[in-house]
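> Hey, can you work out the whole structure from these sequences and the hints?
In order, the protein sequence lines correspond to chains C and W. Going by this note's numbering, the first residue of the first sequence is number 1, and it counts up by one from there. Going by this note's numbering, the first residue of the second sequence is number 202, and it counts up by one from there.
Treat the hints as calculated values from the structure; they're not laboratory data. Zero decoy hints are in this set.
According to the in silico footprint, chain C covers these stretches of chain W (three or more CB under 8 Å from chain C):
no., segment
1, 213-226
2, 303-311
3, 350-360
We treat Cβ as the ideally placed atom computed from N, Cα and C, and that holds for glycine.
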Amino acid sequence: MGFIKGTASYVRFGVEGELPENIWDFIADRVVTFAFKDIDETYDEDSIGWVSVTNMFDTDFEFASYAAGNYVTLSMRLDERKVSAAIVKKFAQKEEERIKKEKQIPKVSRSMRVEIKERIQNELMRKALPMPSVFDLCWNLENSTLLFFSTNKKAQAMLEDLFRESFGLSLIQQIPYICGEQILAEEDAEKMARITPDVFV
Amino acid sequence: MDLVDLIAEKRFLGQEFLTWLWWKSEERGGVVALPEEGDIVVVFEKHMLLEYGEGDSNESLICRGLQTELQEARTGLVMGKKLEQARIQLAFNDYEWNFTMAAALMEFRNVKLPKTGGESGNDNDPEEREGMVLERIYLFEELIRIVLGLYRQFLEVRVSDGWRDELLRVREWVNKAERA
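Set out below in structure tokens:
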């Protein structure tokens, strides 16, 4: 968060690859194709896709609401069903106890324990409510850079995948070394590639 | 070299930049001159994080306090730690940003944008909303542009023959902490 309101944390990416000539038509098509699909009424474990930056339930993007000047503004929404390991463990043990009593056996076999754990995990997963996370981005079409409003590494990796899948373009994080290559004259950039850390004391 | 290796091998670039910027801003009482732009107010404040070592042997030191109390962070530099994060106040052209720079990856964290008149607009009016969004984008990008300008200034010295002299001056400043 933070793109639209309040304080923000962000990292900069370079967008690499070719866009077709009719950029806005292409983006309109891709954004809707890869829009977020709700999993509240299904048993799917997770879902990821684009939503509007101002409303995480807006996946229609009426009047190209993602367009602001020469920028594309989108949110990546991820809904995930999660069950904590402690809960799975508790209910699996409970089920083991029930089976032991029912079958009047002193202990359950290893293979049965694995089967019980898997079954319980699936049952609990179906009951779990999908937890949403939303991450904003702003893509500058003019200079092919993108600001992503999260410093979470897992979210950044998911963004790189979703972005590549949606637009066929790669995102390269603009770390200091890569920034240096872009802002320095060629000769200086070559020198930068050769320098090693210095001691400041 | 792939990105993962580049990040590991070149993380010192961002950290050296941040340390240099701290020295550079203190050299002229919180102002750094940027060619073609003019004077930029750069004040290091409140919060710093220093790093020492790599991987499993990585240690960090967090220093909090007002500007004058950052002596401990300077002492950290004397011990050979590197500045990885710092809370900075940056002012330029009537705009003032507050942000934390995470140096190794050049991440902008907890960025407080300059106050402008355009924040009380009507969110429901698409045109006003677009204007508000564009203004925020401009301010996010302007901060990057200025920081990259400062970073370029650092790199140009860092790769030049003048770096030896510059480094001597930075060292003198760092070592002052020990004597203070």
